[in-house]
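Here is what each chain is made of, one letter per residue.
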Amino acid sequence: MMDTRKDAQQRGFCNASAVIGRRCAALLWAALLAVLVPAPLLAADVAPAQASYPPVLAGKALSFPHDLGAHPDYRTEWWYITGWLHDAAGEERGFQLTFFRVRTLIGEDNPSRFAPSQLILAHAAVADPATGRLRHAERAARAYPELAEAATGTTQVGVGGWSLRTDGGAPDSDRAPYRTHIDAQDFAFDLVFEPGRAPLLNGREGFSQKAPDPINASYYYSRPQLRTAGTLRLDGERFAVKGHAWLDHEWSSEILPAAASGWDWIGINLHDGGSLMLFQMRDAEGRAMWAAGTLGDKAGKARKFAADEVRFEPLRHWTSPRTGVRYPVEWRLHLADGRTLQLRPLLDDQELDSRSSTGAVYWEGAVRLFEAQADGGEREIGQGYLEMTGYAERLNM
Amino acid sequence: MSATLHRLFLASLLRRRLATALSLFAIALGVALGLAVQLIHSAAIDEFGRGMRLIAGEADLQLVGARDGFDEAIYPVLAARAEVAEASPVLVIQARLPGREDALEIHGVDLFRLARVQPMLLPRAAAAADAADTRFAALQPDNIFLSDEARAHLSESQQLESGEFAAPALRGGELVLQSGVRSFALRVAGEVPAASASLAVMDIAGAQQHFDRIGVLSRIDLKLAAGVSAQMARQSLATLLPPGLSLRVPEAAASELSTLSRAYRVNLTMLAAIALLTGGFLVFSTQLLSVVRRRREFALLRALGMERRQLLRGLLAEGAAVGLAGGLLGVALGHGLAAAAFKFVGGDLGAGFFRGTQPQLQFDAMLVVGYLLLGIAAGVIGTWLPAREASRVAPARALKAGEGEYAGLPQVRGGWRPGVGLLVIAGLACILPPLNDIPIGGYGAVALTLAAAVLLLPTIARGVLPVLRRGRALSWRLAHARLSATPGQAVVAGAGVVASVALAAAMAIMVSSFRVSVDDWLAQVLPADLYVRASVSSGSGYLDGDALARIAAVPGVATVDTTRQVNLRISDEEPLFTVLARPVRGNWGLPLIAGSSERPARVNAADAAGEIDADLPPAWISEATADRRQIGVGDRLTLPLGGQLRHFIVAGIWRDYARQHGAALIESADYVALTGDQRINDAAISLAPGSDAATVAAALRADFGAEHLSIALPGEIRALSLQIFDRTFLITYLMEAVTVMIGLFGIATTFAALATTREGEFGMLRHLGFTRADIGRLIAIEGALTASLGVIAGLLAGAAIAWILIEIVNRQSFHWSMDLAVPWGALALFASSLIVLAALVARLAGARAMQRSAALAVKADW
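Protein chains in written order, with the UniProt record's numbering: chain X, 1 to 397; chain E, 1 to 862.
Please note that a few of the clues may not be correct.
Stated by the list, open to error - Incomplete in silico selection of chain E near chain X, CB under 7 Å:
1) 79
2) 136
3) 139
4) 141
5) 209
6) 826
7) 827
8) 828
9) 830
10) 832
11) 836
What the hints assert, rightly or not - Every beta carbon over 12 Å from chain X, so not counted as near; a handful from chain E, in silico:
12) 197
13) 210
14) 213
15) 233
16) 361
17) 692
Hints were generated in silico from the structure; no laboratory data involved.
Just so you know, even glycine gets a beta-carbon here, dropped at the ideal spot from N, CA and C.
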């Protein structure tokens, strides 16, 4: 019982501080700072953005390759890749990596190279059905030349020896491949991602509204259907792997509304070459307060779903033996075009439990997408990732 | 055996309580002093090591350099290496607290790097009203986190040396600190819960900014990748390091400090060894006389069937018992001394090596057993010769009535040869080089000289006594005759005096020479009228160009000269080296003993790399530097300055009593050109004719704020320095007192024992018309004469030992020279009081022998 209050506070921090964004992982290291903080920080998180963060406004055109790079003026930014890998033996595994940039507004007048005005955080995980749970690791540092940086003009971000950057002979092209290097204690991967098509803008030409009030918004584009190849190491064992992945790049200054308690998000590469991104924002009672989506086709042409055109319906729950948190690991998705889809996880236990280091607890894992057939059966139409945050708060020990 | 042993031997100790008590006490003192030095030192090292472990945390290696810090450019290089799992940069600031005399150690840290390397320094934010501040509390540049100890300390007001009270540094949640000559406040935002030391933690960027140390680090603590040993990493990373930086395992810090203080400690331990030696000698003299007195008793025992070995064992057991009792008392006393020292002087033995540590007294069984064994050894060794002598005596001869009471006293044969032989060996020992900075040869020579003086005592007696023959009074002639006839008695009674006088005289001459030299040196070093400093060399207060201009503008200031002092790390072997950047002439003096203040005309091409560049800037090195590096005027000196190796030409050698680990002085302009460091520690001001130092000081205080500067007159600095000097030598004065006491004990025990054996003689004299007073006078004169012989020999030996201490021991331990200054008056007073005291002590000790009636006393003998 002793820990419950503290946990709740940290979770409160995690959920409520979603100013940092859709990915609770962004808070992992902000939460390291929260370890130092005994009081819930709701007040801080609903405070209006300071004048020095530029607002995210509709109608601003994104331009590439410039917008592949960092936007250090904005409060929060991330590059987020999820995907499925298979090795020569046909074994399927999910992986995830995220690089975050946070502008703190601290020490911007300080000539010290250590000035913590920008923080760079990273998070990576591998979902291996053979292990039955996630392997994950994280890195965090203040920006410092050569050690932790997020470059502007092109994707080039790194921290603690981990990196993600655009690669190849055409750095100014928006088709240049990405390359990543992640090396943690019990896993590592070196992967190359080939986009093959131009970035897919979400929302209104990249302006993605997150709540009824348009102040809660981000600039957001996706790179679905990344052809992926490289090596994966699990403990001492190395695998040559191939697969497909999905990249999100999103930057914002004020993303999450005060009333939100968490979100559910999916990014699915469809087997027909298309892509599906959906998210819903939940309020304190667990009801959807906002939702949106982008359905891309093989050619990159998109159909956008508005808030009232998407509905998430939980089907099956799984309770974590570690944290006691109950997650809806299977969903039915109702889309405005009349289609009904079903999400099933690669494995149930894809909970991210960092209580020992940062206190953040959420679920982020590989999922398959199925579509009901006319004959009553169903067919797998895609693979991707599901992220669910804000469930841990209801933990009652 | 044990019952016999107890009745015959140990009980005899109780019969001569005074003598036993004195021997016991002497051994106890030796043991106590030696043990106390050890205890204090190991507790201080422990405490320092604990502090280091706290700060180093889980680090496998630490990158360290100059005390003022080094360029952070090496940080990304090390952090990116595969061998390094985590590199945690630290900027340590000795923050001056305006108006107070203490400082706060602030660790500027990178929170993100801290958790894996130094978890004990992790700060925890207090709940704040404005929660927005709390989220990044540990990154905010104006936030500081205090350990409980620091908070308690800073919340108290402090009594200054002037007697006034300074307000608490921490008021209303704000901590006022000084950087340069200005104050600023940091907000106390929380605590450092795991740190059990007085320290503060803040963000490294904030620390660099507030204390104007942009681009500077004090330390980088490294956690190595799995499978990489500290040894491997040191080797592979060494090539990356700029000059002046080195990687060490955190534990090495304590051993470095131990090395730095070693010479001083060995010095103290040697003094304790001498006290123990004197105690052993006292056992020797009392046992010798006790054996002489019990000669017939032993002969009887032998005749009754006691074996020679049993007798020997019994006597040795007596010595061992005294040694054990003395050892036990000494152990108790030693712990008491150490505890008192911690309470009153702190853990640094008065020499400042461990300033700021608050060590705890710890019981160390091994150490205690060791010192107990030393005490027992002193007792047994002291008994060995008399016991062997006693066990060898043929019973029949000793039983014969009238056999001389003095048979068994050492026979003084041949005389001068062994003593002179020892002196020659002592002379040779002086030529030996030091071992690990410990002047083994010097200490050996001191011991040999002492032994030689004791052995030569009869020779001196034979030389001196004839001169004194022209006495008038009967008592004088009798005393004289007796001493001339039994030089053995002179050896036994006087040897203690020789040893103690020699040591006391040597110390007196050495300390006086040292003090006079230091005084002269201070006068030379501080020729200006007024000195201004913002804080000690590694502190956060400093002067800059702007501050200097303000000082120069104060009415009455004629010229201002500055000093910048930085402590470099040259190598693992030379972890501490001081560079002073200041003008060679002007308001700072330079006590040169070789070379000149000009560039040397002759330059030695001694460098392996080839010719010396004649355009190299000049440097003036301290004696310690010249000694340690074996360089002289015209040679090349290489120093790691500003991350590069810089070469200088040695233009002169100066005497430096302040920095025994070596120092070099270079011109301010050269220093600034090579390092870009514009900071200044001290300014020396000479006043315009007719202006008043107090007025100028007041004007300076008004301009800068009295709390930001300390302003001193050279007289004050001198007084303070000499005060520190005297405190440092306090323990040696204590030792001197002890040895003198032991010398007097020697006289007392000898005369008490002799008087008992001479009851018959005194009875006879009474029959011949001597009054008790006459006999008292006789004994007093004998005591005085014996002491005089001891004093003469002691003074001669003392002079020799003083020379060894000054020229060999101090030179090799501390690398400084001094001018001989003999305190004639003090020595004369000391010698004459010792003779008077000896007379008094002998008279008191002999009192018992005079109490019996003359008739009884004579009868008892026949």
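Each hint, compared with the structure:
1. With a cut of 7 Å, the hint placing residue 79(E) at the interface with chain X holds, because the nearest CB-to-CB distance is about 5 Å.
2. Evaluation of the residue 136(E) hint against chain X yields a held restraint, the C-beta minimum of about 6 Å falling below 7 Å.
3. The beta carbon of residue 139(E) comes within 4 Å of a beta carbon in chain X, closer than 7 Å, and the hint placing it at the interface holds.
4. Annotation: interface hint on residue 141(E) holds; nearest CB of chain X at approximately 6 Å, less than 7 Å.
5. The criterion of a C-beta within 7 Å of any C-beta in chain X is met by residue 209(E), whose closest approach is roughly 5 Å, and the hint holds.
6. At its closest, the beta carbon of residue 826(E) sits 59 Å from a beta carbon of chain X; the interface hint therefore is violated under the 7 Å criterion.
7. With its C-beta approaching chain X no nearer than about 62 Å, residue 827(E) sits outside the 7 Å limit, and its interface hint is violated.
8. Hint on residue 828(E) is violated. Least Cβ distance to chain X is approximately 66 Å, over the 7 Å limit.
9. Hint status for residue 830(E): violated, given a least beta-carbon distance of 62 Å to chain X, over 7 Å.
10. Interface restraint check for residue 832(E): the shortest CB-CB distance to chain X comes to about 70 Å, outside 7 Å, so the restraint is violated.
11. At about 72 Å, the closest approach between the beta carbon of residue 836(E) and any beta carbon in chain X exceeds 7 Å, and the interface hint on this residue is violated.
12. The non-interface label for residue 197(E) is consistent with chain X: the shortest C-beta to C-beta separation is roughly 20 Å, beyond 12 Å.
13. Residue placement check: residue 210(E) does not keep its beta carbon more than 12 Å from all beta carbons of chain X (closest about 10 Å).
14. Against the 12 Å criterion, residue 213(E) falls within the reach of chain X, whose nearest CB is about 9 Å from its own CB.
15. Once the 12 Å rule is applied to beta carbons, residue 233(E) is consistent with being away from chain X; the minimum gap is 16 Å.
16. The claim that residue 361(E) is not at the interface with chain X holds, since no C-beta of that chain comes within 12 Å of its own (minimum 37 Å).
17. At roughly 43 Å from the closest C-beta of chain X, the C-beta of residue 692(E) stays outside 12 Å, upholding its exclusion from the interface.
The structure fails to meet hints 6, 7, 8, 9, 10, 11, 13, 14 from the earlier list, while all remaining hints are met.
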